[in-house]
Amino acid sequence: MNHRTEGKPGHRHNTAEAVARALLFICAVAAIFAVCAITFYMFAKGLPALGKIGVKDLLFGTIWKPTASEPRFGIAYIILSSLVGTALSVALGVPLGLFTAVFLTEVSGKKTAALVEPAVELLAAIPSVIYGLVGMMVLNPAMYRLEKLIFAGSQTHQFTGGANLLSAVVVLAIMILPTVISVSASSLRAVPDSLRAASLALGASKMQTIFKVTVPAARSGILTGVVLGIGRALGEAMAINMVAGGSVNLPLPFHSVRFLTTQLVSEMGYAEGTHRQVLFTVGLVLYLFILAVNLILLKMRRKGEKGNG
Amino acid sequence: MNTKKILAAILSVAALLTMTACGAKTEPTATTAAPAAAVTTAPTEAAAEAPAAKKVTGSVCLAGSTSMQKLCEAMMESFEEAYPDITVTAEYTGSGAGLEALAGGKTDIGNSSRSLKDGEKEAGAVENVVAIDGIAVITDKANPVTDLTSEQLADVYTGKITNWKDLGGEDAAIVVIGREAGSGTRGAFEELMKIEDQCVYAQELDSTGGVLAKVAATPGSIGYVSLDVVDGTVAAIALNGVAPTEENIVAGSYKLSRPFVMATKGTIEEQNEAVKTWFQYIASDEGKAVIQGLGLILPQ
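So the sequence lines, in the order shown, correspond to chains A and B. Numbering (this note's numbering) for the first sequence: -15 to 293. Numbering (this note's numbering) for the second sequence: 786 to 1085.
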């Protein structure tokens, strides 16, 4: 009781407050500084090659021969591969993830959910190199058998041994599942039970309620999950480096392809001069895509907040 | 404090002298080493017996082949640990440019990843082969094809032959596996096969281990790796009937190999102490370990 009347402890208290406040501020500044520094660095390093080679030749050129005597630095197929690969993996992964989330929250009993949920969490925790390894050893050989079946006797198709866009898409789809499932499940859980009860009371069946009432009500949360999944798929490098083949080609399902991320990973080691500069431009393009995805996410969250409030 | 400052000043002057020594071609002198209180310039025989025991000072200047960059850097790192008083500098400008610099007296050693041409030898360059780079062509173990001509191999990599049946094998597609652009192995392979910038790869992998694993796991695949990493999981293909063995490479009959030459103007014996020490170090057990550590073959 005495302490309160004495001035000193209170003063000390204030100092602690101030120190803590300053510490928190420094932490916040560190994060902002990192983002700004990275942005600045990517632009500073990525723009020179654009000026040197020309926007048209670099971004829309389709021939990638960085070490030829007359080097060509067209990254159009690489950009396209990233976009097509991400789009296909989202098209495959989102329905799978959404239906899993619906099953978990609306259909399954507690016991089944207790089994599936930890499995999903584990899926998220598996390092991407493991996905790549399994993809390389299991998925690629299987894909090669399919390739041989489809292109039997073809004279024009270049056989890739199963390392192709499709393999990358399958691996990516599995990798974005945990994100889609957990975000969708939590937004489905947030849908008030009164909506479900009202729908059921009006005579709708359970499935009708789920797909006509619950899922639409959780729409913004589910979309957030989708965008997060896009971000993950776009940024993944290790796993697809191991399964996609790595040649620069038009992204068709059975073509060996190279993504923006794998382009950086695989050629940064020995690249020199303009080749190295162009790789920084590739990084910049990737960075801009990720930035766009995050801006969309931010906008959606704001919209969601407005809608709720 | 004062003595330390003076010592530092003298040392920095000494460092400056050794740095400029490269271009100016100063002979290594005993005076620059005085602050370190060293016994200077030992007879070479003694240095060979106990490499790190005697101090040799001076500088070694290397210039030339980009393919030899890894070898040079690894050797320099190891060398400078043993001889901290010798400064080694290297530029990677290409084999031809290196030999030109040597002829012009701008460098002590001209690096070349090919044998010297007659003209270069006439200009006084002496070919000192320090290592040999060998590349093996590999397939999966089940592949019945064990021998290719260089023409066939070039056709496979440029996409003119796409089925093993055209090479005397089974009716199966060829999966052409290679390394990424910028890789030294890829550069050497394409250069030696004379198919630069013409290769049509089905897979471009960014590591030797990756190529090895993919070829082992993919039926009908073909790939290339440094000779030393070939193991029991893949089959190495003979080229023009010559098996990729160290003996054949040293004998010069296996095509996919190239010498790493450190050319000097005049024989090694005519060089200054620092350059002599450099070559002695390369021939020592430590130097050999560096060469073998990079997957290169020792010349006989």
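Read the hints as simulated data drawn from the structure, not as lab findings. Backbone N, C-alpha and C fix where the C-beta goes; we use that ideal spot for every residue, glycine too. Do not rely on the hints blindly, as some may be mistaken.
To be verified - Computed spacing ranges between beta-carbons, pair by pair:
(1) B:Glu912 / A:Leu130: 49 to 57 Å
(2) B:Gly889 / A:Pro111: 21 to 29 Å
(3) B:Ala867 / A:Ser138: 52 to 60 Å
As the list claims (entries may be wrong) - DSS-like cross-link-like pairs, simulated, lysine-lysine; straight-line CA separation at most 27 Å:
(4) B:Lys1061 / B:Lys945
(5) B:Lys950 / B:Lys926
(6) A:Lys49 / B:Lys945
(7) B:Lys926 / B:Lys945
(8) B:Lys1050 / B:Lys855
(9) A:Lys49 / B:Lys950
(10) B:Lys855 / B:Lys906
(11) A:Lys132 / B:Lys945
(12) A:Lys49 / B:Lys891
(13) B:Lys945 / B:Lys902
(14) B:Lys1073 / B:Lys950
(15) B:Lys840 / B:Lys1050
(16) B:Lys1061 / B:Lys902
(17) B:Lys945 / B:Lys840
(18) B:Lys855 / A:Lys29
(19) A:Lys49 / A:Lys36
(20) B:Lys979 / B:Lys906
(21) B:Lys855 / A:Lys49
(22) B:Lys926 / B:Lys855
(23) B:Lys855 / B:Lys979
(24) B:Lys926 / A:Lys132
(25) B:Lys1073 / B:Lys1040
(26) B:Lys926 / B:Lys1040
(27) B:Lys950 / A:Lys132
Claimed, not checked - Partial chain A-side listing against chain B, Cβ under 8 Å, derived:
(28) Ala98
(29) Pro102
(30) Gly257
These are the hints, each one checked on the structure:
Here the CB-CB span from B:Glu912 to A:Leu130 is close to 53 Å, well matched to the stated 49 to 57 Å. Taking the beta carbon of each, B:Gly889 and A:Pro111 are about 54 Å apart, not inside 21 to 29 Å as hinted. Taking 52 to 60 Å as the suggested C-beta distance range, the pair B:Ala867 and A:Ser138 conforms, at roughly 59 Å. A hinted pair counts as satisfied when its Cα atoms are at most 27 Å apart, and B:Lys1061 with B:Lys945 does not qualify at roughly 49 Å.
Between B:Lys950 and B:Lys926, the direct Cα distance comes to roughly 17 Å. Compliance with the 27 Å bound is thereby established for this hinted pair. Between A:Lys49 and B:Lys945, the direct Cα distance comes to roughly 19 Å. Compliance with the 27 Å bound is thereby established for this hinted pair. A hinted pair counts as satisfied when its Cα atoms are at most 27 Å apart, and B:Lys926 with B:Lys945 qualifies at roughly 23 Å. The straight-line distance between the Cα atoms of B:Lys1050 and B:Lys855 is roughly 23 Å, inside the 27 Å bound, and the hint therefore holds.
This hinted pair does not check out: A:Lys49 and B:Lys950 have alpha carbons roughly 30 Å apart, beyond 27 Å. A distance of roughly 25 Å separates the Cα atoms of B:Lys855 and B:Lys906; the hinted pair therefore holds under the 27 Å criterion. As the CA atoms of A:Lys132 and B:Lys945 are separated by approximately 19 Å, the hinted pair is consistent with the 27 Å bound. For the proposed pair A:Lys49 and B:Lys891, the alpha carbon gap of about 33 Å is over 27 Å, so the pair is violated.
For the proposed pair B:Lys945 and B:Lys902, the alpha carbon gap of about 32 Å is over 27 Å, so the pair is violated. Of the pairs offered as hints, the one joining B:Lys1073 and B:Lys950 is violated, with about 43 Å between alpha carbons and a cut-off of 27 Å exceeded. Our distance criterion of 27 Å between C-alpha atoms is met by B:Lys840 and B:Lys1050, whose separation comes to about 24 Å. For the given pair, B:Lys1061 sits about 24 Å from B:Lys902 by alpha-carbon distance, which is consistent with the 27 Å threshold.
This hinted pair does not check out: B:Lys945 and B:Lys840 have alpha carbons roughly 59 Å apart, beyond 27 Å. Simply put, B:Lys855 and A:Lys29 have alpha-carbon atoms about 26 Å apart, close enough for the 27 Å limit, and the pair holds. Distance check on the hinted pair: A:Lys49 and A:Lys36 sit about 16 Å apart at the alpha-carbon level, within 27 Å; holds. This hinted pair checks out: B:Lys979 and B:Lys906 have alpha carbons roughly 24 Å apart, not beyond 27 Å.
Distance restraint check for B:Lys855 and A:Lys49: the Cα-Cα separation of roughly 23 Å lies within the 27 Å cut-off, and the hinted pair is therefore satisfied. Using a Cα cut-off of 27 Å, the hinted pair B:Lys926 and B:Lys855 is violated, with the two alpha carbons roughly 31 Å apart. Taking the CA atoms of B:Lys855 and B:Lys979, the gap is near 23 Å; set against the 27 Å cutoff, the hint holds. Taking the CA atoms of B:Lys926 and A:Lys132, the gap is about 19 Å. The hint holds against a cut of 27 Å.
Of the pairs offered as hints, the one joining B:Lys1073 and B:Lys1040 holds, with about 23 Å between alpha carbons and a cut-off of 27 Å not exceeded. Restraint check: the Cα-Cα separation between B:Lys926 and B:Lys1040 comes to about 22 Å, which is no more than 27 Å; the hinted pair holds. Between B:Lys950 and A:Lys132 the CA atoms are separated by roughly 15 Å; this keeps the pair inside 27 Å, and the hint holds. Taken as an interface hint, A:Ala98 does not check out: its beta carbon lies about 38 Å from the nearest beta carbon of chain B, beyond 8 Å.
At a threshold of 8 Å, the smallest CB-CB gap from A:Pro102 to chain B is about 32 Å, leaving the interface hint violated. For A:Gly257, the suggested interface contact is broken, since its CB lies about 10 Å from the closest CB of chain B, more than 8 Å.
Going down the numbered hints, you'll see the structure goes against 2, 4, 9, 12, 13, 14, 17, 22, 28, 29 and 30, while the others check out.
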